[in-house]
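Those protein sequence lines, which keep their order, are chains E, V and F. First residue of the first sequence: 1, per my numbering; consecutive thereafter. First residue of the second sequence: 1, per my numbering; consecutive thereafter. First residue of the third sequence: 1, per my numbering; consecutive thereafter.
Calculated from the structure, these hints are not laboratory results. The reader is advised that the hints may include incorrect statements.
What the hints assert, rightly or not - Residues of chain F clear of chain E, computed beta-carbon distances all greater than 10 Å:
| hint | residue |
| --- | --- |
| 1 | P86 |
| 2 | G287 |
| 3 | Q294 |
| 4 | G320 |
| 5 | A345 |
| 6 | A351 |
| 7 | D508 |
| 8 | R538 |
| 9 | D749 |
| 10 | W830 |
| 11 | H834 |
| 12 | E846 |
| 13 | V952 |
Claimed, not checked - Here's a subset of chain F near chain E, in silico, CB distances under 10 Å, partners left out:
| hint | residue |
| --- | --- |
| 14 | G295 |
| 15 | N809 |
| 16 | A847 |
Don't be surprised by glycine CBs; every beta carbon is placed ideally from N, CA and C.
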Amino acid sequence: MHPALSILVFTVTSGFGYGLMTLLIVSQLLGGSPFDNPNAYLTALLLAFVLMSIGLLSSTFHLANPKNAWRAFSRFRTSWLSREGVLALLYYPIALAYVTALWLNDWQTTAAAYALGGLCVVLGFVLTHCTAMIYASLKTFPQWHTRLVPFGFSLFFVYSGVLAYALAVVADGGSPHAAVWISGCVLAFIGLLFKLSYFSFVGEPSKTTINTATTFTEATVRLFDTGHSAENFLQKEFVYVVGPKTKALARKITLALAFVLPLVLSALQLSRDSSSLSLAVFAVLCGYFGLLLERWLFFIEAKHVVRRFYGEQH
Amino acid sequence: MKLGLLIDLDTCVGCHGCATACKQWNTSGTIGPLSDSNPYGKDPDGAWLNRIRTYEVGDAPGSKTVHFPMSCLHCENADCVTVCPTGASYKREEDGIVLVDQDKCMGCNLCAWACPYGARELDRDQGVMKKCTLCVDRIYDQNLPEEERQPACVLTCPTSSRLFGDFDDPQSEVSIKARERGGRDLMPELGYEPTNKYLPPREKATVEMFEVDSSGDGFSLKGWVNKMIAR
Amino acid sequence: MTESARIASDLPAFENHSEQEVKFTTCYMCACRCGIKVTVENGQVRFIQGNRNHPVNKGVLCGKGNAGIMKQNSPAKLSRPLLRKPGSERGSGEFVEISWDKALDMLSERLAHIRATEPRKLAFFTGRDQMQALTGLWASQFGTYNWAAHGGFCSVNMAAAGLYTTGHSFWEFGEPDWDNTKYFMMWGVAEDHASNPIKIGLEKIKRRGAKFVAVNPVRTGYQAIADEWVAIKPGTDGLFALAMVHVLLKHRLIDEEFLVRYTNAPQLIIQAPGGAEHGLILRTEEGEPAVWDQGSENYASACDPNVSPALVGEYQTPDGRTVKTAMTLILEKYSDLQYSPENAAGICGIAAEDIERFALEMAQVAFKETIRIDTEWTDWAGRTHDHFIGRPVSMHAMRGISAHSNGFQTCRALHLLQALLGTIDCPGGHLAKPPYPKHIPPHIKPARTCAPNTPLESPPLGFPTCPEDLLIDDNGNPLRIDKAYSWDAPMASHGMMHMVIRNAVHADPYSIDTLMLFMANMAWNSSMNTAETMSMLREKDDSGEYKIPFIVSCDAFHSETVNFSDLVLPDTTYLERYDTISMLDRPISEPHAACDAIRHPILNPDRDVRSWQEVLIELAGRLELPLFIDDTGRRRYKDYKDFIVNYEKSPGIGFLAGWRGENGDQHLVGAPNPNQWEAYIQNESFFEFKLGDNQRFLRHANLDYLQFAKEAGWVGSTDQIVIELYSETLQTFRLAGEGVYDGPTPNTDAQAERLVTYFDPLPFFYKPLEQQQQDESQYPFYAINQRPMHMYHSWDSQNAWLRQITSQNYMYINRQQAIELGIDDLGWAWVESHNGRIRVQVKYMEAVEKNTVWTWNAIGKLAGAWGLSKDANESQQGFLMNHLISESLPQQKSITNSDPITGQAAWYDLKVNIRPAPAEEQGSWPEFDEVNALPQQQSSPESISYATHNNVNLSRSNRDILTRGGSR
Ligand SMILES: Nc1nc2c(c(=O)[nH]1)N[C@H]1C(S)=C(S)[C@@H](COP(=O)(O)OP(=O)(O)OC[C@H]3O[C@@H](n4cnc5c(=O)[nH]c(N)nc54)[C@H](O)[C@@H]3O)O[C@H]1N2
Ligand SMILES: Nc1nc2c(c(=O)[nH]1)N[C@H]1C(S)=C(S)[C@@H](COP(=O)(O)OP(=O)(O)OC[C@H]3O[C@@H](n4cnc5c(=O)[nH]c(N)nc54)[C@H](O)[C@@H]3O)O[C@H]1N2
Ligand code: SF4
Ligand code: SF4
Ligand code: SF4
Ligand code: SF4
Ligand code: SF4
Ligand SMILES: [Mo]
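Isolated chain E (complex conformation) (with noise of 0.2 Å):
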């Protein structure tokens, strides 16, 4: 699959934006604003709207005929992407009713701050749902078309959102609690062994072969000719086509940025009396960058079927 970088940016942006608003609010419910002051509170929760905005907007890059985005609002009934997009509207109220339900009430977490607050982190919750299963009701790509896609976009989900929430509470010059440290060990643990999983599952042969395809079962198939000399629309879109070697690495790397480095990084914060405001950043960036990669890895190494129709065997 060809990785649209604007596709990959808005995941991954976006995911740390919602996840970061998620933390936000949890705290904030749990155990009150972990920020000395509102305002650092209120910036942390700008930046998260700024993060899941930049991710709402990059999304329309890839898109042909723009002028239409306002369409894909309407077919809630069946659309995956069209859910995203409904519920990515809807969350924006509801945030901002929940700030200024906070802010009405002198940053006191009210019943209405808990309900809109609950009422956030659910659709979070149901958003990134609606976003992984965009990519997990495609059963043209047998390597998205599973529950692991979901999990993993929850995960990542949660998981962004720990590593931004620390670094904003570090940010402010504070520590965060234990518990976020702790978690940001075993989510990424969690995200490590979850992606392992997953690699190994994308290898498994499909179903879908191009016996199947042309109808031919019995016998070896193999493409002649494709009936275009140049690459078309569905080649262009569909057959990426990395190296072994530069898929392993990048396998590798993924790894370190996105699990390892982080959870070395974390476990260093939690050894330390106080947090580090360079350590808290670096985590951040690995993770970012690394979930970019491994986004970009979930896009290259997603087969579209269409692939049996010029040539690719199973």
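Given the structure of chain E, go ahead and fit chains V and F with the ligands onto it with the hints provided.
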């Protein structure tokens, strides 16, 4: 109605007639134009609704060459439709034709992602998704002579390898042929339930050999008896 | 109201039919010439579809025909006459635009001078045109015999073998009886001229369950749908066919009645080895061929219907000569073990059992599955019969057979096979198409003399039957510039266009003044040895004058040849001109109907172009060619339309056969009809005259047909057309080779040896000439081409749609073989022949004979030509096989690489070796100077969004969007 095409892999010679007929009809048709980029330069490419690929089945010397025309199969479970966020993609209730409303599409490609058969191509110039319309603008055009109310690709196919009809009607030619000759689905495991069916190449025709005895003495001039045959 | 009509009533009007105009004309995206129905809207083509009523295509169109819009829109279209810029070098592509007046003045002045001095200094050759009747007439009126169309390099072997054997032919003069055949064997055909009819036919026979066997080293296209694919080694088909003959004879599975009645098999051949009479047919005192009548037990005329000739036998004539029937010679010859399946197997690469099986299968169908058509008909002798017997085995063969230097004899071998099975022009067999069959061979002799200001006494091309008919001077040297009808190629009945440039540049046999090319891309894909040809076109003599002083080309597009011309006359496109597809030419008839057709302008040209038809009539008027002026010396024909209406070849017979007579009520023969064009246009631009049921079969011996054909001017007499399995004509040339002929004999031993070796009166197999003259172990691979179904020679790379399908060709190689040789799939490789080398990209495939490599023909282009950008794939990755092919034999440089009998170019005799190119060597090679843009050439657009009107979108309601559930 469940309109679709029946494609005969037994007779298709891969002439690309259906592909270019489709291109010319539809470039001025209801979803037209179908743009071409770099038409006179390096790596020319454009939006086509029907393409012919060729496969070799089996190893030499016993291999079989098969020409494989593909356009939208107008699936019953058309995920290309369900994934479409704008609703531009839809399957018509009355006849099952899957269409893209050109005025509503935002060019997100998601439907192409969801189509296993490569039946959808983004028109980069127009910014919208193109796909086979089953020539909806021909088959219902009451101003065309009745025998021409057929898809352009069907009308043109020199080997009659493409038949158009209603698969809901068990008595239609397409239903009967699909039944009799074991019309097949492509990638049935994906569950799209394509309407278009593919007829497999037939068992090869066989002819008996003239029975002869092994001696065969026809060369012997001496043994030759001329028949009385009048000029 | 039907369900469809109800649904339709909810739909918008997609097309505004009242703004559209529908016109019928004839496709010319290729030489098949299908009927088309063109919808025009806003001055542009909305849609081109097949004409359902048309006899050729019955409503269907091929890949090319459907892409006519993009031909019409090609940026490579020429727009004004061009003159090579004074002082610039030929081939540098620098031109100035000139007016038509100036162009025609200049040309007619030059031509008038040539005509008044030495007319043969004009060489006028035409390529993939279909108007040879007009160009040939023009040339003979001009008075030059240096005229021919492309047949000599195309498929003369097929036409000539047919016309010298059966009176019709594979090629365009016949076709399988698709409706009745039960066994069809296709030899060496990728696409052919009868493009759609073959496809329609193949579908018919498959639908019926008839068996289809394809003989071809490559399995693509038609072969893909064959029941059996026979992966023959190129150039060995003759042996395969004769091995089947061997099997049939061995088991005496032959149609004796057919042979006795319709062929010369029972005719008596004089046996006097070394003598001047040896191998000639014994004749009666009246000069008629003799047979041995079993009734009277005596010699008798073969023309006497009341004899019962012995098919096999040896006799002594009263004057002591030994004679044998031709059939006896056939039995003797093919009983030889060299024709045994076992021997053929090793050479052809087909298992002996399979060879035997194919022969016996055909025998089974011919003799056990005979069909009968109950119709009363009259045979040549006036006897009536109440049915036709059909032996439903049919064949079709084309350039896989003809493009070899043994192609003529191979094709004759196929005809022999057909005749033994009795499948010629019978139900289910191979049918002739009117005006064929003709007497064998057609009674036209090539014109022999050229004199100033004098028309030729006969057409430039014809059918020699003896050395006296050759075009050689008293010293035996060739008279024609292409050396057709010389000792090198005595029966070159289509000329030898592939030799013209070489011979003219080498002044061998002499130099010329002007080379006029119409619709031929001789600087590129239609020449052998292209790189060399391009340099020959640039070659100058000591005085600095080009060796070919003046090159005129008429083309519609910016081809490579335009680039090498001195004067370029821009033609119209097929949608812009009046044209005839005449029965005097290469007709579009069907077996059961005589047909012709026209083109008329569907669009008005938006450029300053003129059709070549008009230009020829104009030039003929200016040059005062006798036929084109009246008694007072004034122009007889206003224009082409006028010419077509009023010109009569013989009384009542003109270019168009339909709607003749003053009132347009006569067909085939009749006085000129001033409204003939209108009649054609009204009748969808074609004319179809159906034959009666009694005239549809065995036409070579069918009086009902022959009488009719004579009236129509198709044949000169109603005499039976006797199929010539044994060719006395060939034997006559052989006698000349042996030096015993009383008449012209060759000068050199080499020439004599060619005659003796190859002019066998019975078909035989020999290894292609080029292969005989080189060390084959050095060049282990056969290298051949195929026509892509969706591309026509060089024309279609300019077509924005078609070139998307193929803008690059590969050298295809057998996967297993390539792996053994260490050649990578999609790797670049050097391919080398005795004549040169090229670098190509290799692609694996399964279904190609293991020792054969092949590519699609004419995809490679010269960078910058055809309106393509200089980095277009055609010139950077595409390639031509032609660079490897030589126009002369490896060891006899002055002798053409052609069939020694007909002069047919031997494109497919090529042998090559292949080795991987070093990794850093990529892209096709050789590379040439880029072609410059023409003055005011419009630049090619970067994208196209063609449509003749704004689309009427079928919109989905917002309500439906919001409320509908799943996909249905
Ligand atoms: N689409 C399209 N149609 C065309 C043309 C075109 O350019 N494009 N050109 C037109 C012209 S000018 C012509 S002459 C005709 C030619 O029509 P075809 O005869 O179809 O021409 P080729 O492509 O030369 O086909 C030769 C076939 O013979 C096979 N072959 C080669 N050598 C041998 C051999 O020794 N034995 C056997 N049995 N097979 C062999 C090749 O693999 C190939 O399939 O087509 C006409 N029609
Ligand atoms: N290697 C190899 N070479 C081959 C062959 C092969 O099999 N292998 N096949 C050979 C055979 S059989 C043939 S017939 C030749 C064909 O060779 P050509 O007869 O040279 O055929 P084309 O390439 O079609 O070129 C004809 C020219 O006609 C021009 N043209 C097209 N339409 C029009 C028009 O309407 N008016 C005018 N005036 N010009 C027009 C085109 O622009 C082109 O320049 O190629 C031969 N060359
Ligand atoms: S073939 Fe593809 S585009 Fe057509 S209905 Fe099926 S899934 Fe949709
Ligand atoms: S490209 Fe257009 S039709 Fe396809 S899913 Fe997107 S909006 Fe729908
Ligand atoms: S039905 Fe119409 S749109 Fe579909 S492939 Fe055929 S010609 Fe193209
Ligand atoms: S037009 Fe018919 S024969 Fe030609 S490629 Fe299409 S389906 Fe096959
Ligand atoms: S075969 Fe194709 S290109 Fe040739 S005349 Fe017919 S439709 Fe036109
Ligand atoms: Mo040809």
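**OP:** Could you tell me which of the numbered hints above are not met by this structure, giving the numbers in increasing order?
**Re:** 12, 14
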